[in-house]
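Quick mapping for you: the protein sequence lines, in order, are chains G and D. Take the first sequence: its position 121, counting from 1, is numbered 1096 in my numbering, and each next residue is one higher. Take the second sequence: its position 1, counting from 1, is numbered 155 in my numbering, and each next residue is one higher.
Please note that a few of the clues may not be correct.
Stated by the list, open to error - Pair by pair, the computed Cβ-Cβ distance ranges are:
id : chain 1 : residue 1 : chain 2 : residue 2 : range
1  : G       : L1036     : D       : T307      : 49 to 55 Å
2  : G       : S977      : D       : P250      : 37 to 43 Å
3  : D       : T241      : G       : H1011     : 19 to 25 Å
4  : D       : L223      : G       : A1055     : 16 to 22 Å
5  : D       : Q244      : G       : H1011     : 34 to 40 Å
6  : D       : A198      : G       : F1016     : 47 to 53 Å
7  : G       : A1055     : D       : L202      : 29 to 35 Å
8  : D       : T307      : G       : L980      : 29 to 35 Å
9  : D       : T237      : G       : R1056     : 35 to 41 Å
Keep in mind that the hints were calculated from the coordinates and are not lab data. Just so it is clear, CB atoms sit at the ideal spot from N, CA and C, and this is done for glycine as well.
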Amino acid sequence: MSRRLAGLGIGLAFGVVLSWSGMTSPVVIRGALLFHHAYLFLFFGSAVLTATAGCCLLRRLGAHALVGGEPIGWDPQPPARRHIAGSVVFGIGWGIADACPGPIATQLGQGAWWGLWTLAGVVIGVAVFMWGGLGETEPAREPRAAAAVSGSRRSPDRRSRTAPAGP
Amino acid sequence: MLHSQLPWYLAGPALGLCVVACRLLLNGRLGVTGGYSEIIGRIARGSLRFDWRGWMLVGIVLGGTTFALIAGGPDFHGYGWLTATFTGSQRVLVAPILIVAGVLIGFGAKLAGGCTSGNGLSGNAMLSRASLAATATFFGTAIVVSFLTRALT
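Could you build the full structure based on these sequences and the hints that come with them?
Here you go:
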């Protein structure tokens, strides 16, 4: 299986679940953000717990990616001001449009055409960032990216997760 | 019919398993904004050879289509509080508001290094403190904005 096909399959499953859970609907999102119902928070919380348990288990087992065979792992990145500033900007947009990037895509897939306007805005926002010389940030660097910089699989400046905490 | 929401205790773990599948198959971080960046970046260079992140975004769109075909169309009509608030001649305001909101979503997600999926799901699953801070911030901000817009309209 190619990486592209794997991506397509993961996206298909993700899009069906987002649609079936009602996340495509701005009415559902707004209802959650105004605390009318707890569904979104229970849905999101259980998704994070499942994802965390699964990903950490894969890393602990020393598993390798089924496509490509790369060792499964990642390096955490310390919080920086831009994570907060970006999330404030993102949160304002999310609170107004009641859709984030995944649901904007499922809206278009479902034929909810108001989403085209939000999409146009997202394209402008991403393009301004990409060509505004602002660089890239990731919440955690992929090991491969770190290896590309340092020329080794484990970069010397990498903070090992097995390092003892504190002095 | 599928028009009823899948119970959260099924939908949540299913969404989380998509993140795990992305790790298991590709050792990749599932982030939807990364898909937008990939597609926009490639098209700007005159290419359609998207990597897996671009194809994942294509998959998400098709996932919405699959659901709509089975469920019989979108599961909502109009556009939430915006079309409910701006009626009649004011309806023309909805599109520019959505565009501005979209710019904030796209730019903010890039600046924060992820959106609700890249930081909220995948970043937290990587036990990233940056993602935890981002998640608390965008949830808090969106909740405040929702209460503010309700108070003002």
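Hint check:
no.	hint	verdict
1	G:L1036 <-> D:T307: 49 to 55 Å	holds (51 Å)
2	G:S977 <-> D:P250: 37 to 43 Å	holds (41 Å)
3	D:T241 <-> G:H1011: 19 to 25 Å	holds (22 Å)
4	D:L223 <-> G:A1055: 16 to 22 Å	violated (43 Å)
5	D:Q244 <-> G:H1011: 34 to 40 Å	violated (25 Å)
6	D:A198 <-> G:F1016: 47 to 53 Å	violated (37 Å)
7	G:A1055 <-> D:L202: 29 to 35 Å	holds (34 Å)
8	D:T307 <-> G:L980: 29 to 35 Å	violated (46 Å)
9	D:T237 <-> G:R1056: 35 to 41 Å	holds (36 Å)
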